[in-house]
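Work out the full structure, taking the sequences as your base and the hints as a guide.
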Amino acid sequence: MNEKCRLMQVIYETGFALDDAALYLDTHPCDPEAIQFFETTRNYYKKAVEDYTGQFGPLSHETARFTAPGTDGCGCQSGNMNCWNWVQDPWPWEGDDF
Amino acid sequence: MWSYEKRLQYPVKISRPDPKVAMVILTQFGGPDGELAASQRYLSQRYTMPYREVAGLLTDIGTEELAHMEIICAIVHQLTRNLTPEELVASGFDKYYVDHTLGLWPQSAGGAPFSATVFQSKGDPITDLFEDMAADGTTM
Numbered sequence: 000m001n002e003k004c005r006l007m008q009v010i011y012e013t014g015f016a017l018d019d020a021a022l023y024l025d026t027h028p029c030d031p032e033a034i035q036f037f038e039t040t041r042n043y044y045k046k047a048v049e050d051y052t053g054q055f056g057p058l059s060h061e062t063a064r065f066t067a068p069g070t071d072g073c074g075c076q077s078g079n080m081n082c083w084n085w086v087q088d089p090w091p092w093e094g095d096d097f
Numbered sequence: 000m001w002s003y004e005k006r007l008q009y010p011v012k013i014s015r016p017d018p019k020v021a022m023v024i025l026t027q028f029g030g031p032d033g034e035l036a037a038s039q040r041y042l043s044q045r046y047t048m049p050y051r052e053v054a055g056l057l058t059d060i061g062t063e064e065l066a067h068m069e070i071i072c073a074i075v076h077q078l079t080r081n082l083t084p085e086e087l088v089a090s091g092f093d094k095y096y097v098d099h100t101l102g103l104w105p106q107s108a109g110g111a112p113f114s115a116t117v118f119q120s121k122g123d124p125i126t127d128l129f130e131d132m133a134a135d136g137t138t139m
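Quick mapping for you: the protein sequence lines, in order, are chains S and B.
If you count the first sequence from 1, position 94 lands on 93 in numbering that gives the first Met the number 0, and the numbers rise without skipping.
If you count the second sequence from 1, position 98 lands on 97 in numbering that gives the first Met the number 0, and the numbers rise without skipping.
Treat the hints with care, since some could be wrong.
Here are the computed lysine-lysine pairs in the BS3-like style, where the Cα-Cα straight-line distance is at most 27 Å [as the list claims (entries may be wrong)]:
hint, chain 1, residue 1, chain 2, residue 2
1, S, K3, S, K46
2, B, K5, S, K3
3, S, K46, B, K12
4, B, K12, S, K45
5, S, K45, B, K94
6, B, K121, B, K12
7, S, K46, B, K5
8, S, K3, B, K12
9, B, K19, B, K94
10, S, K3, S, K45
None of these hints come from the bench; they were simulated from the model.
Now the structure itself:
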């Protein structure tokens, strides 16, 4: 498994755990064990998202970058301003990457 | 508001197309117990939910249902890629294809268009929660 897949797998697993833990916390907002679990898992999630988006492309508008023309599969002509890399990688439903 | 995360909630990677199976799975997108109905059920009911915790739950579950809808659509999309005309006809997917080609359109497996009549939003917490349990039993 390459680094890209490994990081995405961490994001899938921790992201899924956070979704479920949030539902539990909605109706048990004072459960110390659940709070601890959520905080710990969220730290892993945030670190994996940071590492992934730093190397392999954005997962949100917040992590999108403006990259040089011709990089990241962008079709912009050189001489253009840097271009929006949000649309360069495959979309999640294409099933190509992960 | 909502923002988009560029990943599926659970990965979908299908290498062998199967339009016959796609036609069945399509109902989980736009059929009577599909993810579109589920998301709109929770997200419509939350405004009149008097308990903050439950309004939060309806918001978060409704949001998660949108992610489920994306998973289902990804499955149908990947099951219907690269089809030959012969495969279209042999699988029975031709009846869908004639109206939508390979576009995703919310309908049941039997061809009934998505309808808001498959869920309720009554403004009464007990009524709405019973409706949720009937429709989506295990999550509430």
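Original post:
Quick check: which numbered hints come out false for this structure?
Top reply: Checked against the structure, the hints that fail are numbers 5, 6, while the rest are satisfied.
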